[in-house]
Structure formats: structure tokens, C-alpha cells
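Novice: Protein chains in written order, with the working numbering: chain A, 241 to 491; chain B, 7 to 687.
No lab work stands behind these hints: they were computed from the structure.
Built from N, CA and C at the ideal position, the CB exists for glycine as well.
Accuracy of the hints is not assured; some may be wrong.
What the hints assert, rightly or not - Here are some of the chain A residues that sit facing chain B, going by a computed Cβ distance under 8 angstroms: (1) G289; (2) M291; (3) A295; (4) Q306; (5) R310; (6) R314; (7) S322; (8) Y337; (9) R340.
Stated by the list, open to error - Label pairs and their calculated CB-CB ranges: (10) B:M7 to A:G376: 35 to 45 angstroms; (11) A:T254 to B:M7: 28 to 38 angstroms; (12) B:A663 to A:Q366: 32 to 42 angstroms; (13) A:T254 to B:G339: 51 to 61 angstroms; (14) B:G481 to A:M406: 55 to 65 angstroms; (15) B:G481 to A:T254: 35 to 45 angstroms.
What the hints assert, rightly or not - Residues of chain B clear of chain A, computed beta-carbon distances all greater than 12 angstroms: (16) T14; (17) L68; (18) A123; (19) A166; (20) Q543; (21) P557; (22) R599.
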Amino acid sequence: MIAADELSKHFLGTLAVDQLTFQVEAGEVYGLLGPNGAGKTTTLRMLAGLMRPSAGRATICGHDVQREPRRAKRSLAFQTGSTGLYERLTPEETLGYFGRLYGMEPAAITARVAQLSAQLGLGRLQGRRCGTLSTGERQRVSLARALVHDPPVLILDEPTAGLDVMASRFVADVVREARDRGKAILLSTHYMAEAELLCDRIGLLHRGRLLREGSPAELKAERSARSLEEAFLQLINANGGADGTSEGAGA
Amino acid sequence: MDLGVVGTVYRKELRETLRDRRTLIVMVVLPICLYPIVGISITQWIGAHEARRGEEVSRVRLQGDSWPGLEQALERSGKIEIDRTGGDGKRDLIDQKLDLLLSVPPGAVDTLAEDRAVRLVLTYDETRGRSRLARERVRAAVDKMARRIVKARLQRRELAPGLIEPLVTQEKGVSGRDRGRQVAAGTVPLLVILMVLLGAFYPAIDVTAGEKERGTLETLLAAPVDRVSLLAGKYLVVASTALFTGLLNMGSMGLTLVLGFGPALRAAGMSATGVPWTAVALTVVAMVPAALFFAATMIAIAALGRSFKEAQNLLTPIYMVFMLPALAAQLPGVSLTPVIALLPVVNISLLTRDLIAGDASLLPGLLTVGSVLLYTGVALRLAARIFESERLLFAPDPGSGPRRKLWALLLGREVDAGPRVEAPSSAQAAVLFMVVMALILLVGQPLQSRHLIGGLLVTEWLLIGLPVLLLVRLGRLHPGSALAIKPAGPIAVLGAILAGLSAWYLVGVLVELVQQRIFPMPEELIRSYHKALFTTQRSLAVDLFALALSPAICEELLFRGVLLQATRRTMSAGWAIVLNGALFGLFHMNPYRFVSTMLLGFLLAFIVLRAGSILPAMVFHFLNNASAIVAGRALGEQALEEGGTALSWPLLAGALALFAVGLTLATRVRAGLSAPPDRSG
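Generate the whole structure from the sequences, applying the supplied hints.
Specialist: Below you can see the structure in the form of C-alpha cells.
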């Protein structure tokens, strides 16, 4: 469903993403795990069609993101790290706007908004402007906005950053539910514990390169580590330390 | 381009824009309030003068021989009341029981019958406006009577009147133009351009850099729509807002003119023969390309900013740059030639002027519209490229070397400052002040007494401006912080405009009410001031440059630049303001103007400290001087005869309201703007 094929990205002479190759299948949660500046956000942006890769290919549901951007984007829900919402629009207006941008019919939008409201508990936010919502409430609206056209692929950039326990749990529930309905989900995170809990497979990203790929259990077993964090630190140390700052405009 | 997407984006952005308080203030509240307040104030002001002239009857007492013919001639004027009580005439004059004492010599009637001259002595109080007015009226009545007597004497000798009046002039204007329309043609283009620009300002930032700052741009670009359609929807909203702001300003201006301002124009000698509706319609048509052009330029530049504040820093200089060519309409002798029709902004300004004045010609008009649309296209292409450029959309790294410096310069971010000093020391400021004062005493004042305008220009630019720049250069001072030359938000500038337009009147009233009672300026001095400053023999443009713009730039650089920034380092804001005002008062070297200039100094220093920029103070200073000049010229001798500023309560209330709103905007909004909108995540 999601495929990165030798994906690379240069920024002003630095290599932010270096020949990255991985796939995410339907019904699978794939986590890109790495320190700040590892190239996670840049990878996700290339997959979502926001940035042109310097080399390599990204496909969503078989559509090349560069050659058929509209088809690829239509199959995709993209949520950024910040829960950026239009402060002066209400949640319904926000969902309606994105519904229309994704080419949905008005009747379909109404039905989908009702469904998402029930699923994500947006009912009590009706009529309020997004600028007045709490962080947790914004996260719900932001998820609803990403999912409004009900696509087969979800790309979530740091979906739980800055959220409290309750809100993080809620996001995790939404992700699992989507996986159970057969969606392919790619998310980035630097919370090891979250990745361990939520992801079926993990790609360890360091300095733009994929160090290892596998299930949390496989990664721990390989380094005989007790936790994913330990495995991760060992791998990074074996690959030239944690100095990932030269990655530039990644995160 | 996908028109469905353009429409969706347009509707959404318009909805958001209409919910933005800042945009609403600029777009709706300001035009609706500004013109009626200004219009009613001016009407009241002129009305007050008219009323005073019209209604007040001069009390004149005749002394000496009874002369019924003279009494009749005086009474025929309708404004003179003969006082028939006796008593000490001079005493009564001083006690203001009487306005004028007219002494008739003994045997006047007989002297006249013998065809000889009679000497009438007019005794009056030259310090009182009413008394001076009585003198004018008596003089006029006596002149009229004298002409009748001459006519009678000539007739008796059977001589033609042409004998003593060989040359007679009669004046005829051929332009057939309405002077009111001419005046409007000079001012409306500037206002229209300023308002259209202001209307585009916040929406242009909000739909571009605002989206980056809120983090909504990425999600928007992830949608399956082309970026050109997104840009088109956003652009059309900015253009609509700009156009709507312009229209509302025109509407409010027109309504004020029709409902309340017309009489004022007529009273000022500009016979407005009604609203030129065709001109209004054509101006609206000219406003469309203006709105399209300004919206395109502003959206292209705002899109470069990474945050609201950065975009604002980028757009403020653009706003200022556009303001200058917009003044073109006020310059006499500049006409819209086919070549000038290719100059952006200048062409719009001149075309609007010509449309209102009713003498626009087709070719330059078409060239103007054509070139403006062409520039709009270029600006839009640029904006589209920025929208397609991922480096500019996603947190561009300014890079290093010259490019970083350029970015820093453009965006107002700190440059690698090296050994540059942030602010001048108190010692530097004190020495500079002394040097400037000495230069003015030794060079400036002698020059001014020979040639007022030339002397003033030399004083401002060479004796004040140049030393300031030399200090900055030689002292390796950072111009931004040493002179407070920093971008200011348009609302702060707007506040300065409102406050600058009203402050001079308030200060004038204060001087009239307080100072003239305690420490009155001698009549002769007032007279010579008025003669020198409010003469209509020089062109208004020259006066505005020498007496308003030059002081606004040079004096501000010295006082609110070097002096205020130096003292601010060593003393509290309050004391820095007090000292600044006192020095500013001293600087004018006129004990009678000390208090009023000191008050202005307080205000200007306060504005700079609060706004964090010298620009609003420059705008305030310019408009304060310019309004006083324009008002002084408009009223001319009349103001002098009536003794200073006319006090009218509605006008005072209007000026106070304008001033209060202006000062509030100028001193608080910047803080509100520099804080980015709520951004949690």
C-alpha cells in the first residue's frame, strides 16, 4: 500500500534521507523510529507528495506520488506533527472544507462528518471555533480532518507529540481500529514505548538511513536487549554515535 | 486550474477573513468611522468661524460731531451697532464694552460740502479679535461711503467715473472645472491607494505565512488539488478584501460629503456642485486593477514569511514604498503620459486623480490598466513559484553567507552584528545635541532669516540629519536600535495617522485656553509667524516638504532616535519621556512655543517607546505639521483676525475622540501583533 523505493532527499548539500526503502501493507502499523533530525518528517513529506524526492520513488496504493499526485493523495490521509487547525473555523467547517478539497459530494460529507463525530466524540465541540479547543480536542478534530475522505492509507507524523496520557491512548485506539479495518498506517515517533506498543513493524532511522527493520520483538532479540530503547541505543552507537544534527531541515 | 477548488478555497478563506477582528477593523470599522468624524469636525470648525464672523455685531461708538449720514452708512452694513451711550470711550474699549471708537472731527459735514477731506480716527484694541473685526467692518463701510461721495462730486462737475478709476478688472475662469472636484482629485487617490493597501495587508499575511505558522499549510498541500488553484482562491480573497475596503472608504467618503461635508466645502470657497457620480463610478473601475495589483504583490511577498511576524516585517516596507508613489496625484504638473502610465502605483494614483478631475484621456488610461494587469500577472507568477517551492514553504534555512544577511535584512532577524554598538551612550547624545544646537544658532537661524524655506531645509537635513547619520556611522552604531528604525505594524502607523491629524488642534486649543491667558504671545509675533508660515504664495508641496516632511524625518532621528534611545538606557521610561519633551521644547528656541512643542515631544517619545519603532512618530510628526499648515493656509487671515484656534466644542470632542483612538492604536497594537496567534500542538 505504501512503498518507498530508494528514496533520497538532499537539502543544500546535506543528505536528509539516504536511499530509503520499505513497504507498509494493508492492516499493518509501521513505525519510523529515530531521533530528532533523523529524516522522519522529510520521508513522510515525500510520501505525502509535499516534497519532491531527489532520487527514488514513492508510491501509494500503486500510484506514483510524483507522476499521479492527485490519485496518490486521494488514497492518503496525512496528519502533521502540529495539530494545526484553522482557528476561526468550527470543526464541522474544517471537515467540510477538506471534504470538498478531496472531491467529496456534499451528501457524502454530511454522512461522513456524522460518522466521525460519533466515532471521535466531536459532538460536544459543535459550533465552537477551533481556536477555543483544548489540545486533546484539537487532536480529535485533526484526526477527523485527516480521515474525512476515509482513505486506505494513513500517514501520521508524531501523532501523540505533546498529548497527555488520555489523549495519547485515544489516538492509539483510533490507529488500532483503523488497522483492524484494513488500513495501511505509517507513523513516525521518537517515543520508544509507544512504538513498541502500537507498531507491528518498526524501521529504525538514523541520519537518513534505515538501520534496521523488524517487529519490536525481532529488534530486541537481535541485540539481546530488554527494551526497544536499549536496542535502539546500541544500534546507533554501532553506527557512529548519536550526532544526528547535521541532518538539517528534517524535523 | 480547477475552478471548483478555487471556489472552495475562496469561500473558506473569505469566511475566515470576515471572522478576523484585525481585518474587520481595517476593512469596515475604520472607513465607517473615520470620514464622518473628520468631516463633521471640519464642518464644525469652519462653521464656528463662519458663525463668529456672521453673528457677532460690532459695537461702535461715535464721538464728536453728530453726523447722521455716517451713522446710516455704518448701520447699513448690518453688522455694526451704534452705541449711543456716552462715557470714557477708551476705558470702555479696554473693558470690552465697546469694540471701536470712531472720532468725527468738528465741522465734518461742512468740510465735506467744501469738497475737502475729513479725517476719521478709529480707536480699537488691536489685541482683541472682535475689535480688529470691528475695524475691518467700519473701514469697509467708510470706504463704501467715500466712493458714493466721490461719485456725487464727479457728477456735479459732469465728469465720468473713469476719470478717477481708469483701470477696471474683471476675472473669468475658463476651465469650467469645479474647485471642490480639483481638491478631491488631489487627495482621494492617496486615500484610495492607502486604504486598498491596508485592506490587503492582513488577509495577505493570514492566507500565506499565517497558514505556515499555524501548521495548516502542510495538511492543505497534502490534499489532491493543484497549488495554483489554492493560490488563486487565496489571492481572490485578498483582492476582494482590498477592493471592498476601497469601496467602503469611497462610500463613506462620498456619504460624508453629501450629508455633512458639502457645506464645509462651499464655505471654504470650493463650490461642490454635487457629487460627480460618473467620476465616482470611474474611480471604482480604476480601483479594481489597483486591488488586483496590490493583492498580488502583497500575497507574493507575504508568502516568503515563515510566520505572521516575519511576513509583517516583509510587508511593512512594501507598504511604505507604495505610499510614496501614491503621493504623485498631489504633485502639480505631473501628468499621466504614456510613459508614466507604465510606472506602477504612480499610474494608478494619477489615473484616479484624472478620473475624479474629469480630464482622463483614453490612451494613458488604457496603458495604465494594461500595465497594472501585466504587473499583477508577474507578481502572481512569482507567488505561484513560491507556492510551488518546497524550500520556501517548509521552513527555509536561510543558508549562510550573503544570503543569510539578505534574509536577516529582509526579515528583520538579527544579523551577525560584529562589534556594532546597540545604542548611543548618553555622552554621545549630549554632545550631538549641543553640536546641533550650536549649528542651528550659528548657521541655521541666520539662513532662515534670509530665506525661510531654504534655511529650514539646510537646518533640517544638513545641520540635524547629517550629524545624526555621522554619529551612527562613526560611532559604529546599529541603526536599527540606535535610531529605533524598525518596522512598525500598520495599525500602529494608522494610530499615528489619526493622532497626528488631531493633535495639532488639541495643542492649539490648549495654548489658546491656557497659555494665552498666562503667558500670551505678542500680537506682532503671532502675525509674523502666520505671515511666514501660512502664506499661499509658496506651493503647498514645497511647504509640506520643508515644514512637515523634513522635520518629521530629521528631528525624529535626533530626538526620538539618538536622544531617546540613549537616555532610555540610563533612566526610566517616564524620565526619558520628560527629558525628551523638554529638550524638544528647548530646541525650538521660542519661549512662547516651549510648552506646546514640549507636549508634542512627550507624545512622540511615548509613542516610540511603546511602538518600539520611530516610524509612527515620523508619521505623527509629519501629519501634525502638515495639518497645521493646511489649516493655517485654508483659514489664512481669518484665523489671525479671530485670534488663534477657534474653539468649538463638537470639533474639540471630535479631535479628542480621533486622538484617543489614534494614540491607543499607536501605543498598544504592536504588542498584540508581535505575539503570534495561539499555537498549541
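Novice: Going through the earlier hints one by one, which of them does the structure break, listed in rising order?
Specialist: Violated hints (numbers, rising): 3, 4 and 16; every other hint is consistent with the structure.
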